[in-house]
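Just so you know, we're using UniProt numbering here: the sequence shown kicks off at 1 and counts up by one.
Be aware that a few hints might be false.
[To be verified] DSS-like mimics (lysine-lysine), calculated; alpha carbons at most 27 Å apart, straight line:
1) Lys206 to Lys260
2) Lys260 to Lys246
3) Lys219 to Lys206
4) Lys264 to Lys210
5) Lys219 to Lys165
6) Lys264 to Lys246
[As the list claims (entries may be wrong)] Using C-beta positions, here's what the derived DEER-type ranges look like:
7) Ile234 to Ser255: 24 to 32 Å
8) Thr262 to Val148: 20 to 28 Å
9) Lys260 to Lys164: 45 to 53 Å
10) Lys13 to Glu54: 18 to 26 Å
11) Ile234 to Lys260: 27 to 35 Å
12) Glu242 to Tyr168: 22 to 30 Å
13) Gly147 to Ser188: 31 to 39 Å
14) Asn85 to Asp53: 36 to 44 Å
15) Lys260 to Arg93: 47 to 55 Å
16) Leu254 to Glu79: 53 to 61 Å
17) Met238 to Lys264: 21 to 29 Å
18) Arg182 to Met221: 20 to 28 Å
19) Arg52 to Asp174: 38 to 46 Å
20) Arg93 to Leu241: 34 to 42 Å
What the hints contain is simulated information worked out from the structure, not anything from laboratory work. Built from N, CA and C at the ideal position, the CB exists for glycine as well.
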Amino acid sequence: MLGIGQLSFETLKFEAEDSCARITLTRPGSMNALSALMVNELAQCVKDVAERDEIRVLTITGSGRAFCCGADLKGVLGEVQAGDNTGFLGFLRDIQNVFLAIRALPKPTIAALNGLTLAGGLELAMTCDVVMAARSARLGDAHSNFGVLPGGGGSLLPRYVGEKKANYLLFSGDHWSAEAFREAGFVSQVVEDDDLSSAAEALAAKLAEKSPLVLQRMKEMVAGSAHLSAREAIALEMRHLEAHAKSADFLEGLSAFSEKRTPKYSGQ
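With the hints as constraints, model all of the structure from the sequences given.
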């Protein structure tokens with residue numbers, strides 16, 4: 001796999017091959033907790049992925065026995081104990097900004113949960129379009145266990161698992177199996193631990209073959225129609241379809257279908 005230009009990272013690994021990119025969080029000794037440096041490096045990677053047209057799919061995963069166990073608050077603990085929340089709140093805003101940047105990527109994103117996925121780690125997984133998980137992975141919010149509130153999107157959990165399940169997870173601080181989260185509708189696929197990497201790569205490669213314009217507009221349609229009436233959602237679809245019908249990818253898809261060949265999408 002090819003690196004991200006000349007940039008080097010201390011807390012994560014970035015790889016890109018063909019049209020697929022992967023970010024691996026590499027602080028296994030800290031359960032891949034989000035440090036200030038990791039958040040900064042993650043932001044750099046996401047920005048680069050957004051700007052590189054050749055990258056069509058991004059996968060995020062972890063190393064060791066955790067995907068991510070939330071924010072590493074050790075760096076701001078002293079300030080909080082001294083009554084100064086400035087650093088803590090600034091750190092959370094940085095996390096929020098990079099999570100919003102992942103959500104805003106006009107490309108499919110896959111979270112490949114290799115292990116414990118708690119608090120900010122669950123919020124990070126929620127930023128991605130598709131969630132895959134190793135069978136041994138455990139997921140939960142966990143904020144209530146430490147007397148803190150979610151700050152990276154935990155309040156959105158009801159959108160993914162329903163209000164009552166979300167309340168239970170938020171209030172109790174419990175974590176559930178990957179299979180339980182699949183049954184709740186959050187995890188799309190559970191695979192054997194040793195198969196997670198290859199399964200994620202296979203899905204990324206499959207998505208990379210699609211029209212990037214189609215996938216971008218599908219993301220926008222899903223996000224935009226979440227709270228619309230059926231009539232409004234269909235009208236939104238139509239606006240996207242009218243724009244897409246003018247694209248080269250639209251013509252290529254129809255031509256390839258008619259000519260019984262594999263389409264080659266340019267993203268134009």
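Do the hints match the structure? See the list:
1. At roughly 19 Å between alpha-carbon atoms, Lys206 and Lys260 fall within 27 Å of each other, so this suggested pair holds.
2. Among the hinted pairs, Lys260 with Lys246 is consistent with the structure: their alpha-carbon atoms are about 22 Å apart, no more than 27 Å.
3. Distance check on the hinted pair: Lys219 and Lys206 sit about 16 Å apart at the alpha-carbon level, within 27 Å; holds.
4. Between Lys264 and Lys210, the direct Cα distance comes to roughly 9 Å. Compliance with the 27 Å bound is thereby established for this hinted pair.
5. For a cut-off of 27 Å, the pair hint linking Lys219 to Lys165 stands: about 25 Å separates their Cα positions.
6. For a cut-off of 27 Å, the pair hint linking Lys264 to Lys246 stands: about 17 Å separates their Cα positions.
7. Restraint check, Ile234 to Ser255: a C-beta distance of roughly 27 Å satisfies the suggested window 24 to 32 Å.
8. Taken as a hint, the range 20 to 28 Å is violated for the pair Thr262 and Val148, whose Cβ atoms sit roughly 50 Å apart.
9. For Lys260 and Lys164, the hinted distance range of 45 to 53 Å is satisfied, since their beta carbons lie about 49 Å from each other.
10. Taken as a hint, the range 18 to 26 Å holds for the pair Lys13 and Glu54, whose Cβ atoms sit roughly 19 Å apart.
11. Under the hint 27 to 35 Å, the C-beta atoms of Ile234 and Lys260, about 31 Å apart, fit the expected range.
12. At about 43 Å, the beta-carbon gap between Glu242 and Tyr168 misses the expected band of 22 to 30 Å.
13. At about 33 Å, the CB distance of Gly147 to Ser188 agrees with the hint of 31 to 39 Å.
14. Look at Asn85 against Asp53: about 41 Å separates their beta carbons, and that is inside 36 to 44 Å.
15. At about 52 Å, the beta-carbon gap between Lys260 and Arg93 stays in the expected band of 47 to 55 Å.
16. Between Leu254 and Glu79 the beta carbons are some 59 Å apart, a value that agrees with the proposed interval 53 to 61 Å.
17. At roughly 27 Å, the beta-carbon separation of Met238 and Lys264 lies within the given 21 to 29 Å, and the hint holds.
18. About 24 Å separates the C-beta atoms of Arg182 and Met221, a value consistent with the hinted range of 20 to 28 Å.
19. In this structure the supplied range 38 to 46 Å holds for Arg52 paired with Asp174, their Cβ-Cβ distance being about 40 Å.
20. Evaluation of the 34 to 42 Å hint for Arg93 and Leu241 yields a pass: the beta carbon distance comes to about 37 Å.
Hints 8 and 12 from the list above are not met by this structure, while the remaining hints are.
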